[in-house]
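Undergrad: Residues per chain, in single letters:
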Amino acid sequence: MWIERPQPHPSDQQLLDWYFEHPGTGETGRPLSPHIATCSSCAQRYAELARELDMLTADGHREADALFTTEMLAEQRQHVMRRIENHGRRADIFVFPTRGTAMVGRRPVWHPIRWVAAAAVAGLAAGMGLGLSVDRLNMSPVPMVSRNAPTQAAVVTTQARPAVKPFTGPIIVEGPLLEDVEVALLDEIDTALGMRRVTELRTLDELTPERVSITVRLR
Amino acid sequence: MTVAGVLGVEEPVPAPRPSVEPRDDSALAAEVRGLVATGEMAAARDRFAEIVRRHQRRASRIAFHYLRDLSEADEATQDAFVKAFVHIESYRPEHAFEVWFTRILVNGCLDRRKARQRRERWCLPVGSEPGVSSVIDRTPVSTPNPEQKMLARERLTQIAGAVRRLPPQQRSVFILCAYGGHSTRETAAITDLSESTVRVHLFRAVRKLRAALKAGHHVD
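Here the protein sequences line up with chains A and B, keeping their order. Take the first sequence: its position 126, counting from 1, is numbered 141 in my numbering, and each next residue is one higher. Take the second sequence: its position 64, counting from 1, is numbered 739 in my numbering, and each next residue is one higher.
Simulated from the structure, these hints should not be mistaken for lab results. Warning: the hint list may mix true and false statements.
Simulated crosslink set (SDA-like; lysine to any residue; CA at most 25 Å straight-line) [as the list claims (entries may be wrong)]:
#1 B:Lys758 x A:His94
#2 B:Lys758 x B:Leu868
#3 B:Lys824 x A:Thr84
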């Protein structure tokens with residue numbers, strides 16, 4: 016003889032699983048398992064659980080649906096379809112309006128002024144660099160006195176050239192400053208000074224000692 | 676012993692919603708995929724509009740409860756639909772489209788939450804709980820009695836606060852099951868958790884929320 020064992024009461028976890036596995040239309044329309052249908056205590060537990068969960072769900076739906084109205088959903092659908100239609104297309108770039116006119120283009124606007132400014136800066140930098148290098152070359156000391164000269168011989172450099180000092184010894188000068196071209200230039204200057212007609216050179220004449228007088232003085 | 680055995684029904688339990696089997700929207704998504712593959716974009720967009728119409732209500736609810744912000748939820752929903760269309764070629768018709776799409780949506784919402792937390796780390800929030808109280812104030816309560824109306828709003832505030840205070844996985848599972856209407860099996864597929872883990876998280880979340888409802892104050 017078979018004795019029917021009583022079904023154990025389901026746990027809260029099992030009641031919850033049953034609730035979410037069997038979605039109904041509410042507390043009255045929700046299907047009940049045979050055990051819940053026959054066990055009054057379990058039916059009461061399940062009804063309370065279902066009522067609270069229905070309330071939680073309904074509150075959540077009501078809260079979201081109050082914001083996402085039918086009109087807003089239609090608008091959202093239009094936005095989605097527009098975005099899908101425009102997907103992959105290149106976006107327009109709106110340039111900041113200048114002088115009261117808005118410029119709309121598909122490519123960034125080319126600014127020639129920027130290129131001109133960049134070229135000017137580059138040219139200035141190159142010029143300054145070149146000038147510095149030339150100055151450095153001119154400032155470098157050039158030995159102009161022969162090693163065979165006596166110890167009393169004066170050392171004349173390009174920097175010391177304008178200055179005239181009273182020397183007691185003979186001047187022995189060698190080097191690139193006394194090339195033929197420069198000698199010719201000095202002769203021309205002497206000639207011009209000798210003419211006494213060039214008014215612009217009179218000041219120079221007064222400041223610059225004449226080679227003839229130096230030679231005479233040295234002798 | 677399984678749930679069905681305990682509850683006294685025959686096994687296996689017939690699932691009321693064939694969760695992971697392809698449904699109408701899955702067939703529609705497969706059709707969109709085929710149209711995109713053949714280059715018929717206009718027809719694909721036309722079919723996809725029907726998918727959007729079917730899913731946007733549920734998607735908006737899920738996004739809103741994840742983000743608690745109307746504009747952010749709207750943007751997240753739009754982004755999810757656009758991503759679904761753009762990557763429709765990666766959709767496998769043997770899976771449910773709803774699960775695939777909801778996964779895209781949830782990932783987008785989680786990214787937005789992270790970005791918001793990064794912003795709030797450096798910026799002071801304007802209000803104590805931005806978005807919660809203002810949203811509840813706009814929620815219609817269908818009762819003429821002012822006292823009941825006030826109690827209903829207070830309950831909404833409690834529930835929203837309690838859901839927000841849930842641990843991330845419990846909150847995610849509860850939102851998907853309760854507000855999104857997904858089964859535990861679908862939620863497991865969306866969240867990459869096992870079905871038993873989803874059930875445990877759901878049970879703990881519901882227990883905390885019921886306790887909050889009964890106690891009338893926030894859960895910690």
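Undergrad: Indicate, hint by hint, whether the structure satisfies it.
TA: Here is how each hint holds up against the structure:
1. B:Lys758 x A:His94: holds, 13 Å
2. B:Lys758 x B:Leu868: holds, 23 Å
3. B:Lys824 x A:Thr84: holds, 21 Å
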